[in-house]
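*Asks:* This is what each chain is made of:
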Amino acid sequence: MNFSLQLLSGLAVGCIYSLVAVGFSMVYRAMGLVNFAQGDLMMIGAFIGYSIIVNLPGLPFWLVVPLAAAITACLGYAVAQSALWPAMQRGASQTYLVLLTLGIGIILSNGARLVWGANPLVYPIPLTHETLRIWDYPVPAVYPFIALTMVALIAGLNVLFTRTWIGLSLRAAADDAQTASVMGVNHRLASAISFALAAGIGAAAGVLYAPITFVSADMGMIGIKAFAAAVLGSLGSIPGSVIGGFVIGIGETLGGQLVSSEYQDSLAFLLMIGILLIKPTGLMGRKG
Amino acid sequence: MSTIAKEAHTASHQSTSGVSRHRRDWAAFAVIVGILWCLPLSLGGFYLYLGLAVAIYAISALGLQIMVGLAGQLSLGHAAFMGIGAYTSVLLQKNAGVPFPAALAAAALAAAAAGLLMAQLIRLSGVYFKIATFGFGVVVHQILSNWTALTGGSAGVRAIPAIGVLGFQIETRTGLFVCEALTLTLLYALLIRLSHGKIGRAFRALGQNEAAARSVGIAVARYRMMVITLGCAIAGIAGAYLPHLMRFLSPESFTWYESLTCLIMITLGGLGSLPGAIIGAAILIVAPEYLRDFAQYKMFAFGILLVASMILLPRGIAGAGMSLSRGKRMHAQ
Amino acid sequence: MILTRASLAATVLLSFASSAMAKDFPVGFFGPLSGPAAAYGSESLSGAQFALEEINAGYLGADKIKLIPADDTASPGVAAQAVQRMIDVDDVVAVVGGSTSAGTAAAIEVTKEAKVPQLSPLAVDSALTQARNPWFARIAQSSTAWAERTAEWLKNNKGARSAYLLARNDNFGVPLAEAFERKAKEIGLELKGRIAYEPSSREFKPTLASVASANPDYLVLWGYYTEAGLMAKQMAEMQIKLPFYVGSAIGIDQFRDIAGPAAEGTYGLLYYLAGSIETDAGKHFVQKWNERYHRAPTQYEGMGYDAMYVLAGAMKRAAASGGVTKQKIRDEIFSTREFQGATGPITILPNGDAERPLPMAELVGGKVKLDTLLH
Amino acid sequence: MKSSQTILTLRGVTRRFGGLVAVNKLSIEVKEASIHGLIGPNGAGKSTAFDLISGLTSADAGEIIFRGEIVTHRAPESRVAAGICRTFQTPKLFDEMSVLDVVATGRHLHNALGLWGSMFSIARKRAEEARTISAAREFLTTVGLGAKADAPVADLSYGERRLVEIARALATEPKLLLLDEVTSGLNPVETASVGELLRELVRLGLTIMLVEHDMKFVMGLCDDITVMNYGSVIAQGSPGEIVQNPDVVAAYLGSPRDGQRSRRSLRADAPACP
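Protein chains in written order, with my numbering: chain V, 1 to 288; chain G, 289 to 621; chain Z, 622 to 996; chain U, 997 to 1270.
Keep in mind the hints are simulated off the structure, nothing from the lab. A couple of the hints might just be wrong.
Covered stretches of chain G (in silico footprint by chain Z; criterion: 3 or more residues with CB under 8 Å from a CB of chain Z, positions within the stretch not fixed) [what the hints assert, rightly or not]:
1. 530-541
2. 581-591
Here's a subset of chain V near chain G, in silico, CB distances under 7 Å, partners left out [as the list claims (entries may be wrong)]:
3. Thr95
4. Val98
5. Leu99
6. Leu100
7. Gly103
8. Ile107
9. Asn110
10. Phe227
11. Val231
12. Ser266
13. Ile273
Think of the CB as a built atom: it goes at the ideal place given N, C-alpha and C, for glycine as much as any other residue.
Here chain V stands alone, though its shape is the one from the complex (with noise of 0.2 Å):
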């Protein structure tokens, strides 16, 4: 019983890590960039649909994480945009750019701390606290939320990219922006529509988060755990991304019974350098 509430609670966790993981490998594929402010793009993703409750109370839950998306994937366009297009285009270090990265994520959680205050803050609304009973077993009510929205998404994703033009023209652009130029594809707006999309997903991954704990300014520290999913499940790999949450998530879980929960922080990254000695590149990685 305790065993399978611990395994579920480590699924809907490693769900959020997955998603802001995601998020990490398309931008990773899409500009070759490491955004060191995916996890916070998921922190203001979160206040975002935080003072979406309070400002529409009544609004269904099921419409204010697609709203909370849209609105920081908007802000994730225009970060693209603004700061990190001219950057790249300038040809700068990689080293450059994840200190802008850097830079942007001090930035949003500072920022939102200014917003919304230092204080944390827990969605007004049943959800938070109610909980379902699943075959005799206790689930909090957001749980099937998350796992919707984590399979519709992947389910989108998967349409976006194979199915229509622009994930073609995205996929192209990430495997090889010379080529794709050549074929006519806009790679400033694929890179800015890359980054905007993984902020959206972020920002889902937060609003889903915050009935499970509660919504403060320094929530982007999930983002670098998440980063450390992506990168043991193979940086750039989607399906790579999703394993690595799942890695994460239930490894703290049971881990942090299993070793000490004392170095229960440490064990992400433990888990990701020892996979990293294993395996250089990743779970899912093509090279060996």
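Given chain V, put chains G, Z and U in place with the hints provided.
*Replies:* Leaving out everything else, chains G, Z and U in the frame of chain V:
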């Protein structure tokens, strides 16, 4: 008219490289070291305290600068190595009665060894290295907090002994400052010398294009190890001074935020510039003291400062200063 | 011309003379005003400022206190630097602070060196008063006292036979857990287990599962309100029903928000609970605060208020017995006996710790209800 | 040419990427002080061959012998020390250095001072640095860019970047110079002067290997040519023999029917479309 323009042209070119670049670096050295020695000592009091803090973070930033700015090895766990240096030095002085100079050397060695371990253990390149350095920082912080028997755990270490050099006990702030400023001056000079020769060029080549560096015979893996070890050793030296300033040592001084602050210092000052690292450290330590009323905006302002300086001054304050002085010289001609 | 110069000189002299009669004493305040721990610093600061308005309206005669606040972001390095600056630049006669144990631990080394009296409203780590700094005192209960009262109350008032201990792994949680464990052994309260968790943890289900399988009478937590809230919530999700002691978290709104209905029935020993102090000073404070803010003061606001008053009281006595010097202020702080504060009568012990009544409370119907006032 | 001693031998060198065989049993002999061209359509494995010779990738099978020594699995830096140096398809310089500094990096292996030496031995360091700088200036002058020594790399034109890259490679004092598409992006005048330069270098005893798409340039310059297609050698010989080789005409220049298309790809190096 045309000859003047031509002269101006060659002058501007000469200032960008070769012997005159060396001269320029030493001129910057003279100015910065001059300010370092004169300002805090003559103003005294709290300015001396600020000078102590600036000197420590300037040393640490220099170490990070050669790693990140020069050789392109982005480390997100720099504070961890300061922590290793701080604990090594304090525990040796306190528990084994080791004199400060030896403890300082041990701090540098311990941090260098940890850096080497990180670089060896995580023999990863690019993206993987970056996230691994972050993870390393987290792990070190957790060890410092949890290995209570050795480090005193999260309660920290107090009653830090005074620095003893050759039998003298340095108990005044001035004395401590002289030690720190000497260390900083010496390290800065050595790093300038290093940056001018073969090794410095190899570091820069490694940071700017790894494949090209390899193509001219630079043993990339070896130089990467070298620069990481060196950068971490310098962080260890900075760390060894920190508890003597604060008279207290706690793992909370070596968190991710401290690592981030060091990164902001070198970026704001100018990636790849040694004087930039020192200027950046001075700004990030001193500025908040004069903006105390806006304390809650501090990190927000740092973020804005970081992004704005990267977009507007890609070469940082040091780079902007250099091109400004070059422009002036052209006008003067 | 000469005349005007002379009159100018006279004015200057006069202003000097008047300032010699009525002095502005600079007093420093530090605590986290930004960052995740901001609530502790900013609430105790607003309590201190509230007290200051009353004090500057004649409590010290013509003298006034000028409060110089600084943000330490709960970081030891920043705290040390901020306090150093107050002493060096602002020449403060005393320092009120800090609000977290880590920041305070760094600051006491500075005040010790500079020989400036320091009075902390909130820091509880018992190591602070064992650091042999004769200049440091606090009105907050030491972690030892806090944990011991709790253990005794569990055993004697609640008839508990066993407890399980969870502690935030930092110098707030660990000393409390250690003191609790010692006392529990002494009075024969069985400890079924003790787990320290990382301050950034948000997933406690594995830990709570271990707790549940040990089946203690009480679960005792020494941690921050965010963790307390999440634990209560996750226990409810896992359908673990255990009496839960959460320390001072019970008095914090965000704890109740995060835990939701699961907060009901939790216990906590607070720094201070508005309405629990029946003295004149206690009633006066709550009434005045209500008039101004239309709500009851929080525990940290109460502590900030009293810290300011204990210091002002010491300064008043110092002024009466010769002069307000740092040494004198220090001596008078340490001779504080039964000072009638808003949070109860306060006595400062020779080692700098305080004796003060502590309210044990229970959350009933969403309201914090006094269970017992522990003396 | 007067010397016909072999300086580089490739024997059955193979390199696979996953299922793809990028280079298949490649065997080449390069004569000392000659210019050897390596040509073939896109994806023929020419650049991989250069990577194998310079050590940027390692061979799965076969042997690479340079001046009598087996270097198949040596690290790139040790091959530079042995005398192999290369340039890249798109010039890879150090974008934040001055031109002179870029060329000075080529002197890396000719300098002896290590970490401690660079910091502590003042006189030796000064002498070494002076030698390095004057040597770098000399090599810059060789490629005709002496006047640009102090310019930042960022200010250079594309053609100048190529020349700086060559100067940097020359500064390592190689015995064998590998030039990857040295004329692409150059105008006819620049191409001609590069041709002149290469001839002069060979006259001084250097051996050069070229990967090239400009057929006129290759045919006019090379002593020997190896033609690759799909990772394998399809022809080897003098320019005269290559032009008349029917396999080359069929595979590389394309059959007369679709000659138009292939000829274009041969010159302009259009991107490989899937």
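*Asks:* Each hint needs a verdict: does it hold in this structure or not?
*Replies:* Hints, verified against the model:
no. : hint    : verdict
1   : 530-541 : holds (count 8)
2   : 581-591 : holds (count 4)
3   : Thr95   : 5 Å, holds
4   : Val98   : 6 Å, holds
5   : Leu99   : 5 Å, holds
6   : Leu100  : 5 Å, holds
7   : Gly103  : 4 Å, holds
8   : Ile107  : 4 Å, holds
9   : Asn110  : 4 Å, holds
10  : Phe227  : 6 Å, holds
11  : Val231  : 5 Å, holds
12  : Ser266  : 5 Å, holds
13  : Ile273  : 6 Å, holds
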